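A.B. asks: Work out the full structure: start from the sequences and follow the hints.
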Amino acid sequence: MTAEKNSTMDLPPEYISAANDLRSDTFTTPTEAMIKAALNASVGDAVYGEDVDTARLEQTVAKLAGKEAGLFCVSGTMSNQIALRTHLYQPPYSILCDYRAHVYTHEAAGLAILSQAMVVPVIPSN
81 MTAEKNSTMD LPPEYISAAN DLRSDTFTTP TEAMIKAALN ASVGDAVYGE
131 DVDTARLEQT VAKLAGKEAG LFCVSGTMSN QIALRTHLYQ PPYSILCDYR
181 AHVYTHEAAG LAILSQAMVV PVIPSN
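Per the numbering used here, the sequence shown starts with residue 81, numbered consecutively.
These are calculated hints, taken from the structure and not from any lab test. It is possible that part of the hints are untrue.
Restraint ranges, calculated between C-beta atoms of paired labels, are given here [to be verified]:
| # | residue 1 | residue 2 | range |
| --- | --- | --- | --- |
| 1 | 206 | 130 | 42 to 52 Å |
| 2 | 139 | 174 | 31 to 41 Å |
| 3 | 182 | 127 | 26 to 36 Å |
| 4 | 180 | 132 | 18 to 28 Å |
| 5 | 150 | 106 | 21 to 31 Å |
| 6 | 103 | 150 | 16 to 26 Å |
| 7 | 193 | 106 | 42 to 52 Å |
For clarity, every value in this text was computed on a predicted model and none was experimentally measured. Beta carbons: idealized from backbone N, C-alpha and C, even for Gly.
C.D. replies: If you want it as structure tokens, here you go:
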């Protein structure tokens, strides 16, 4: 079996239009309000608990999610690595995922390198 293309390029615009394009920060341009917020943001070190904005964000999201703590990650890739690695208990590690999954199509080498996990794509029968 061959894998289908994992792209929105072949879809009509009405299927891919959205209010915001959140695929990557490289697809968006910051608004004036975003630039002002960045200029006024705290500059403390989050690792040492000195960044009050990051701490407030983590606490707010933890409360919304009903968790005791939150963790801000600088990228989706970092978030995926942490989330998947927490489920890998006994080597050798393997991760089964849909062949169209983002972690396979765009991050497979990251899982192999950072988590020592073999990513195995699966083509669903339905």
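A.B. asks: If a hint holds in the structure, say so; if it does not, say that too.
C.D. replies: Here is what the structure says about each hint:
1. 206 / 130: 42 to 52 Å: With a Cβ separation near 50 Å, residue 206 and residue 130 satisfy 42 to 52 Å, so the hint holds.
2. 139 / 174: 31 to 41 Å: Given range 31 to 41 Å: holds, Cβ gap about 35 Å.
3. 182 / 127: 26 to 36 Å: At 28 Å between Cβs, range holds.
4. 180 / 132: 18 to 28 Å: violated, 40 Å
5. 150 / 106: 21 to 31 Å: holds, 25 Å
6. 103 / 150: 16 to 26 Å: 23 Å Cβ-Cβ, so the 16 to 26 Å window holds.
7. 193 / 106: 42 to 52 Å: With Cβ atoms ~22 Å apart, the hint is violated.
In this structure, the earlier hints numbered 4 and 7 are contradicted, and the remaining ones agree with it.
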